[in-house]
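A.B. asks: Fit the two chains together into the complex; they arrive one by one in their own frames, and the hints show the way.
Chains as they are written, first to last, in my numbering: chain A, 1 to 298; chain B, 1 to 121.
Among the hints, erroneous ones may be present.
FRET-style restraints, in silico, Cβ to Cβ [claimed, not checked]:
hint: 1; chain 1: A; residue 1: L287; chain 2: B; residue 2: T69; range: 34 to 44 Å
hint: 2; chain 1: B; residue 1: K12; chain 2: A; residue 2: K291; range: 19 to 29 Å
hint: 3; chain 1: B; residue 1: P109; chain 2: A; residue 2: L251; range: 14 to 24 Å
hint: 4; chain 1: A; residue 1: Q232; chain 2: B; residue 2: G100; range: 23 to 33 Å
hint: 5; chain 1: A; residue 1: E278; chain 2: B; residue 2: Y120; range: 46 to 56 Å
hint: 6; chain 1: B; residue 1: P34; chain 2: A; residue 2: N2; range: 33 to 43 Å
hint: 7; chain 1: A; residue 1: A75; chain 2: B; residue 2: D31; range: 44 to 54 Å
hint: 8; chain 1: A; residue 1: E72; chain 2: B; residue 2: D31; range: 47 to 57 Å
hint: 9; chain 1: A; residue 1: V245; chain 2: B; residue 2: T121; range: 36 to 46 Å
hint: 10; chain 1: A; residue 1: K130; chain 2: B; residue 2: T69; range: 53 to 63 Å
hint: 11; chain 1: B; residue 1: K12; chain 2: A; residue 2: E29; range: 23 to 33 Å
hint: 12; chain 1: B; residue 1: S40; chain 2: A; residue 2: R78; range: 21 to 31 Å
hint: 13; chain 1: A; residue 1: G271; chain 2: B; residue 2: P109; range: 18 to 28 Å
hint: 14; chain 1: A; residue 1: V56; chain 2: B; residue 2: Q94; range: 50 to 60 Å
Calculated pairs, EDC-like style, for lysine to aspartate or glutamate (alpha carbon to alpha carbon, straight line, at most 20 Å) [stated by the list, open to error]:
hint: 15; chain 1: B; residue 1: K56; chain 2: A; residue 2: E181
hint: 16; chain 1: B; residue 1: K56; chain 2: A; residue 2: E29
hint: 17; chain 1: A; residue 1: K151; chain 2: A; residue 2: E173
Taking beta-carbon pairs under 10 Å as the criterion, some of the chain A residues facing chain B (in silico) [stated by the list, open to error]:
hint: 18; residue: K128
hint: 19; residue: A166
hint: 20; residue: K168
hint: 21; residue: D172
hint: 22; residue: M174
hint: 23; residue: N176
hint: 24; residue: A177
hint: 25; residue: Q179
hint: 26; residue: E196
hint: 27; residue: I198
hint: 28; residue: D200
hint: 29; residue: D215
hint: 30; residue: K216
hint: 31; residue: L220
hint: 32; residue: V274
hint: 33; residue: T276
None of these hints come from the bench; they were simulated from the model.
The beta carbon of each residue, even a glycine, is placed where N, CA and C say it ideally should be.
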Amino acid sequence: MNTPLAVECKGITKQYPHFQMKIVDLSFEQGTVMGLVGPNGAGKSTILRMIVGLVVPDSGSVSVLGYFMPGEQIAAKRNIGFVSEDMRLYESETIAFHMDFIKSIFDSWDDEYAKTLLRRFDLTKEQKIKGMSHGQRVKATLLLALARRPKLLVFDEPTTGLDPAARKEVLDEMMNAMQDETRSILFSSHNTLDVEQISDYITFIYDGQIIESRDKEEFLDGWRRLRLTNMQNHQLPDLTNIREVQQSGKLYSVTVNNYNDSIRQQFTKSGLFVDTIERLTLEEIFLSNVKYAKQETA
Amino acid sequence: MDYNFVLSQTDKRPMYQQIMEQIKQRIAVGDWPPNTLLPSIRELATEIKVSIITVKRAYRELERDGVITTQQGKGSWVSQSQDLNKLQDEKLKQHLEQAGKLAKSLGIPEDELLDMIKKYT
Chain A
1 MNTPLAVECK GITKQYPHFQ MKIVDLSFEQ GTVMGLVGPN GAGKSTILRM IVGLVVPDSG
61 SVSVLGYFMP GEQIAAKRNI GFVSEDMRLY ESETIAFHMD FIKSIFDSWD DEYAKTLLRR
121 FDLTKEQKIK GMSHGQRVKA TLLLALARRP KLLVFDEPTT GLDPAARKEV LDEMMNAMQD
181 ETRSILFSSH NTLDVEQISD YITFIYDGQI IESRDKEEFL DGWRRLRLTN MQNHQLPDLT
241 NIREVQQSGK LYSVTVNNYN DSIRQQFTKS GLFVDTIERL TLEEIFLSNV KYAKQETA
Chain B
1 MDYNFVLSQT DKRPMYQQIM EQIKQRIAVG DWPPNTLLPS IRELATEIKV SIITVKRAYR
61 ELERDGVITT QQGKGSWVSQ SQDLNKLQDE KLKQHLEQAG KLAKSLGIPE DELLDMIKKY
121 T
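Only chain B is shown next, with the shape it has when bound in the complex (with noise of 0.2 Å):
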């Protein structure tokens, strides 16, 4: 099966929070629905080419935030009680950072950061 993650040489984040954020989309957008079986750590690793260990940790964190439920020796899936929205809330969040970060490193003040998003709401 091809599960097509692509996986980004720019992106800061270590290579296993990418994994998450992937599989947190499919999720987000509905194409992986609860109780969908993921594929296994092996099946992945060797897929998209990355060491498995890392893998395993992104599935170990996901599993720790409650997004999947692992079985020891079955396998994982994708948690029944989903929260959609918590996803979306993290993804918000996420950007957020990266904006006041950004804004930081520019030596934009607060309240012109908030001006600016203001425009996008």
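Isolated chain A, as found in the complex (with noise of 0.2 Å):
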């Protein structure tokens, strides 16, 4: 029997009064890393909403680990841990109330992997939510969807608003949780480092659509900056591949998408001097994505 795929999204699309989601295709398989990027209003918490089941798309398909969403949804949530960040915790409760609300929810609760987890957040079970700094309760509402050991982790940027040592202490357990073969993440996050760090695969969101999405590796390997000396002034080559062209006197920068050995050759062939081709940081990658993205949408 093949093992479904983690998520599975087929054509969806969603008409909010001043937001459209278009095509949207997105999938990847049980035991991986699946990052979003995008910035504000992309429409990343829209997907990751659609995919757990609180948002129901106007056309297309959602299945979740071989459930079809809405109508598997039962199934299907069972499954899934959900974390975003306006979830609400009870105020005037503790983590331990919400850790025995949890628990007699789902079966599948780990009461030893959840001490570790407190101990490896530096939280203490007593302590009420009210005097909880931000990180804290990031932490408390991971603890609550780990501790339930689902198959599949759904986290709308975790590492948000978290200090360098907190966003370690999150990223490490995300990995932790990685070592079962089955477990898979998807995740969103504006930190393209986290993003680059632990990804498998890398979405790229902007208006609504998605602009790339493939395996990390090629994702960071298709980019990279030329940089070229045109003594001669000569007309830059017509390549589709190049998404941005910054020019100084002489002296140009190019950065293309989807690079190969025949481009070098492209840029010498019409007369202009490669100095240095150099690999992109998913940031850089961002930036010129969603600068190439307006110009195209202008």
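C.D. replies: In structure tokens:
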């Protein structure tokens, strides 16, 4: 029997008064980490909410771990641990109260793991939510999701607003969860470093659409910046791969996607001297993607 | 098990190359002699908190370079015929490459760079 995909979205759309989610295809297999990146308002949270069954798409299909949403969402939700920023805990109650509450609903709750997480996150069971910092609240909600040991973890901006130490604790725990090869993580982040570090797949979202979605190594490998010297003022070759051109006198810096060796030759053939070819960080790719997408939609 | 791979954030090379280098170093200094079983890809990835696909790529490239041998479904081992000199040569080449790049960006001519290297031999 084939293992079902962790998530499979086919042609989903959603229309809001001021925002439109265009056709979204998104899938990844179990045992992997998918990171969603994109600017504010691009639609990352909407996609996550459609996947966990909180928002029903206008068209298209969503299946999670082989269960169709929303029809089979009861079975699916047993296996999904969703955490988002706007999740509220009971202010006047303790972490222990919340742990007992979740435990009473999900029989998969793991007491030992919950204890380990309390220790690793520096949390005290008896502490009331009221006096907790933002970081402690985030870690408490993550604990409540993780200790259920769901097959799919869906985290909306898990590291936003965390200090470097708390951020590391959260990322470490996300990777620890991946020791189980049937577990999968889908998360969104503004922090491109987080996504670059732990994701197996990266999906780039802009203005309600998926701009790029692929294996992280290919994603990072595909983008290059060529530094060129153009002594005789030659015309740049007309390549569809070019995403950005910055010029200062005779010096050019050209950003390309889907890089391969023939691209270098094309520039050389056009009479330009290639000084260096650099890789880009995910952050630079992010900015270049946004800039290009803006130009295209303008 | 604790493998203590320390990856650098200021190192400009991609993460998979840093992982490759750390493995090669362990082999070069003899900590991982031939036939040593390497940690599984998932095990190493979750320990050093780096995506599985990145470690997978590091292993694939090491296998291609003949540094490790992988048997599908069983694991990866340090290759038998480990040419230590070759690994060290490679290391030296990397340093020279860095030196060359730096000299170029500082505008130091070739003969001057050669004189500088001579000082250390």
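A.B. asks: Each of the hints needs a verdict: does it hold here or not?
C.D. replies: Hint by hint, here is what the structure shows:
| no. | hint | verdict |
| --- | --- | --- |
| 1 | A:L287 / B:T69: 34 to 44 Å | holds, 41 Å |
| 2 | B:K12 / A:K291: 19 to 29 Å | holds, 23 Å |
| 3 | B:P109 / A:L251: 14 to 24 Å | holds, 21 Å |
| 4 | A:Q232 / B:G100: 23 to 33 Å | holds, 27 Å |
| 5 | A:E278 / B:Y120: 46 to 56 Å | violated, 29 Å |
| 6 | B:P34 / A:N2: 33 to 43 Å | holds, 38 Å |
| 7 | A:A75 / B:D31: 44 to 54 Å | holds, 48 Å |
| 8 | A:E72 / B:D31: 47 to 57 Å | holds, 51 Å |
| 9 | A:V245 / B:T121: 36 to 46 Å | holds, 44 Å |
| 10 | A:K130 / B:T69: 53 to 63 Å | holds, 58 Å |
| 11 | B:K12 / A:E29: 23 to 33 Å | holds, 31 Å |
| 12 | B:S40 / A:R78: 21 to 31 Å | holds, 29 Å |
| 13 | A:G271 / B:P109: 18 to 28 Å | holds, 26 Å |
| 14 | A:V56 / B:Q94: 50 to 60 Å | holds, 54 Å |
| 15 | B:K56 / A:E181 | holds, 14 Å |
| 16 | B:K56 / A:E29 | holds, 16 Å |
| 17 | A:K151 / A:E173 | holds, 15 Å |
| 18 | K128 | violated, 31 Å |
| 19 | A166 | violated, 15 Å |
| 20 | K168 | holds, 8 Å |
| 21 | D172 | holds, 5 Å |
| 22 | M174 | holds, 8 Å |
| 23 | N176 | holds, 6 Å |
| 24 | A177 | holds, 8 Å |
| 25 | Q179 | holds, 5 Å |
| 26 | E196 | holds, 8 Å |
| 27 | I198 | holds, 5 Å |
| 28 | D200 | holds, 4 Å |
| 29 | D215 | holds, 6 Å |
| 30 | K216 | holds, 6 Å |
| 31 | L220 | holds, 7 Å |
| 32 | V274 | violated, 14 Å |
| 33 | T276 | holds, 9 Å |
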